[in-house]
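Undergrad: The lines below spell out each chain.
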Amino acid sequence: MYRYDEFDTAVVRERIEEFRDQVSRRVSGGLTEDEFKPLRLMNGVYLQLHAYMLRVAVPYGTMNSRQLRRLAHIARVYDKGYGHFTTRTNIQYNWPALSDVPAILEELAEVEMHAIQTSGNCIRNVTTDVFAGCADDEIEDPRPWCEILRQWSTIHPEFSFLPRKFKIAVIAAPKDRAAMRTHDVGLQLIRGEDGEAAFRVFVGGGQGRIPHIAQEIAPAVPGRDLLAYLTAILRAWNLLGRRDNIHKARIKILVASLGIDAFREEVDRHFATLRREDLRVPDDEVARIRAYFAPPAFADLPRTSGAFDRASLADPDFARFARNNVRRHRQPGYATVIVSLKPVGGVPGDITAAQMDLVADLAERFSFDEVRASYEQNLVLPHVRLDDTPEIWRRLAEAGLATPNADLVTDIIACPGLDYCSLANARSIPVAQALSERLADLDYQERLGPIRVNMSGCINACGHHHVGHIGVLGVDRKGEEYYQITVGGSADETAALGEIVGRSLAADEVAPAVGRALDRYLEVRRDGETFLDAVRRLGADPFRDAIYGAVDAVA
Amino acid sequence: MKIVTANRLSDGRVIYAGPSGEPVEALDRAGRFDGEAADAALSRAARDPAIFVNPYLVEVDGDRPSGRDRFKELIRSRGPTVGHSLGHP
Chain S
1 MYRYDEFDTA VVRERIEEFR DQVSRRVSGG LTEDEFKPLR LMNGVYLQLH
51 AYMLRVAVPY GTMNSRQLRR LAHIARVYDK GYGHFTTRTN IQYNWPALSD
101 VPAILEELAE VEMHAIQTSG NCIRNVTTDV FAGCADDEIE DPRPWCEILR
151 QWSTIHPEFS FLPRKFKIAV IAAPKDRAAM RTHDVGLQLI RGEDGEAAFR
201 VFVGGGQGRI PHIAQEIAPA VPGRDLLAYL TAILRAWNLL GRRDNIHKAR
251 IKILVASLGI DAFREEVDRH FATLRREDLR VPDDEVARIR AYFAPPAFAD
301 LPRTSGAFDR ASLADPDFAR FARNNVRRHR QPGYATVIVS LKPVGGVPGD
351 ITAAQMDLVA DLAERFSFDE VRASYEQNLV LPHVRLDDTP EIWRRLAEAG
401 LATPNADLVT DIIACPGLDY CSLANARSIP VAQALSERLA DLDYQERLGP
451 IRVNMSGCIN ACGHHHVGHI GVLGVDRKGE EYYQITVGGS ADETAALGEI
501 VGRSLAADEV APAVGRALDR YLEVRRDGET FLDAVRRLGA DPFRDAIYGA
551 VDAVA
Chain R
1001 MKIVTANRLS DGRVIYAGPS GEPVEALDRA GRFDGEAADA ALSRAARDPA
1051 IFVNPYLVEV DGDRPSGRDR FKELIRSRGP TVGHSLGHP
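For the protein sequence lines, the chains are S and R, in the order given. Here the numbering used here is used: the first residue of the first sequence is 1, the next is one more, and so on. Here the numbering used here is used: the first residue of the second sequence is 1001, the next is one more, and so on.
These are computed hints drawn from the structure, not numbers from a lab. Careful: at least some of the hints might be erroneous.
Partial pick of chain S residues on the chain R-facing surface, computed with a CB cut under 8 Å [what the hints assert, rightly or not]:
| id | residue |
| --- | --- |
| 1 | Gly30 |
| 2 | Thr32 |
| 3 | Glu33 |
| 4 | Lys80 |
| 5 | Tyr82 |
| 6 | Asn94 |
| 7 | Gly479 |
Which bits of chain R does chain S cover? Going by a derived footprint, with three or more residues having C-beta under 8 Å, they are [claimed, not checked]:
| id | segment |
| --- | --- |
| 8 | 1004-1018 |
| 9 | 1041-1053 |
| 10 | 1061-1072 |
| 11 | 1077-1083 |
Far from chain R, some chain S residues (derived; all Cβ distances over 10 Å) [what the hints assert, rightly or not]:
| id | residue |
| --- | --- |
| 12 | Arg20 |
| 13 | Arg243 |
| 14 | Asp492 |
| 15 | Glu499 |
Yeah, the Cβ is synthetic: ideal placement off N, Cα and C, and Gly gets one too.
Isolated chain R, as found in the complex:
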């Protein structure tokens, strides 16, 4: 399954496309899409540039990113792993 993610235009925060294409902040609230539906969801986000900046698809396995960039996507979803912003996405 895949989800659509991007950065929000106004503040740059990580967002995902919800089941109906609406922006949501938590990965576990992102819509899951397969095949052509994923491409369609990505196209829908791209048509909303006032919210979604540089949207792209991420493979997920349940509530965790999978695929090659899984670790990067995990950090995006949870915030920095260290420092003054620990866990504040």
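Just chain S, same shape as in the assembly:
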């Protein structure tokens, strides 16, 4: 993985000193809250309901064991002993004191981490496929390009005060495992006509109160021109985007209002005037960064594993874990293991310091010292030997981290909601927990197959409810929590927005209603048809009827 050079180190160190001074001036009264707020946000510090919240960047979701142990240490020393992984593959701490933040940033810098641009109106942490470097369908590992984007976008003078935040995702396979088309810019790495890396570019995706799926703006931008093309996109938006209304400032609104063709003309106009040679990444620099992401020293192993097969036959619990949480690796004899942060009744994405230490130990011993954070708010051990999966499973199970539900209905994506967030209208976590407990039967979950439930506590949609196969949105009705349900959304390569099925439901009605929709799916599905396929074939009506039939009967 990438290691800081002297420039990275200097940038991070200087930023810490700058922020230490800003905190000092804030505490001594030299800065008002209005003056301080944009400064703290650019360093990942929010002021939430109960305390400050610090969001730490995990660039493209990749960490080593030393970094994960440091995150555990910070949770233990400066917080309440746990952290929360987000859909942006970052980690959030819910309770740090402002006065401790400079010290926390020092601790992070020692392991080459920071919180820069995890908030504010700038280019945020670039995300990618959690199976980068493991998946057998990828063109090449997308992370070197993510790292190039990280370096280019960090404290970029032109793009540090954008109309709103700006999010980029990069994938390198036809299968989209990074919700790429829900981003302001989505990049799909392909092979150009010259055989070199090129990018299919999508623009104008986003969620929030006015959701859009990104549209294709360019079919194949050569890798050498990527930074110039992104500069043209950002420049067009920076100049034309609205700054008068926070809800209409995202690039998706500009793209939708101009139309993709007119926006493309704007971008092309800027692209034509840029000094492209200044923005071209030198080939040797691309090669240098690619070298950091070279595949680890895999052993030459047989495709199958006796230890794996024996454990699968001997222990049904391991067999279930293997079915759901162990994924094929492109290297024979290896696998990728999903560490579920979705125990039944747990808080989606939460992990204790002790659990972080355990995952770090497993990564160091079994996974070439690498661990990933996923869009789905889980962790992943990317490169483990099939032979080792039984032991990894045992150790995960001892720590409560072996819930075999990856991509099943209890693998719920959820924002922190009104339990923590000052923007939320309703709680997310208790509703996710009620769903998780109601649907806990793993035989039932496996019978249902892959279903993504997404839960947001307000229309800002941090839980990505618009693209959940089943989406749940918390709303405020005269001071009471209510929840709106959507079906048919998708965050993958068939990205789509869900359809609202009807009026919002009281909190205690949500889990039974979703349960009825799932039972209806089992009744109506054809052989091999997923929930999403069934919704697409039948429309929302059968599920609407299931959701509201019982509610209306009681009413």
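Knowing the structure of chain S, use the given hints to seat chain R on it.
TA: The following block gives chain R in isolation, referenced to the frame of chain S:
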């Protein structure tokens, strides 16, 4: 009746203005104010930015927040309702 609430500058924790304007951590120790006295209490807190960040008024009925944001204010006063920080404001 109304109370004044804010987040504390140093650590962000929920605080309230006590009867004399001093910061207190428990809602039941907050000063109750009515009419112009509430506005005055809010102004007093706003003049103490080294302690009170973004102070505002909350309607209360006895020791419970009332009004439109009553549920949010109840969670602020008691801490998260779930998870690793259950009941730890």
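Undergrad: Hints first: check each against the structure and report whether it holds.
TA: Results of checking the hints against the structure:
no.: 1; hint: Gly30; in the structure: violated, 11 Å
no.: 2; hint: Thr32; in the structure: holds, 7 Å
no.: 3; hint: Glu33; in the structure: holds, 5 Å
no.: 4; hint: Lys80; in the structure: holds, 6 Å
no.: 5; hint: Tyr82; in the structure: holds, 4 Å
no.: 6; hint: Asn94; in the structure: holds, 6 Å
no.: 7; hint: Gly479; in the structure: holds, 5 Å
no.: 8; hint: 1004-1018; in the structure: holds (count 7)
no.: 9; hint: 1041-1053; in the structure: holds (count 3)
no.: 10; hint: 1061-1072; in the structure: holds (count 6)
no.: 11; hint: 1077-1083; in the structure: holds (count 5)
no.: 12; hint: Arg20; in the structure: holds, 15 Å
no.: 13; hint: Arg243; in the structure: holds, 23 Å
no.: 14; hint: Asp492; in the structure: holds, 29 Å
no.: 15; hint: Glu499; in the structure: holds, 28 Å
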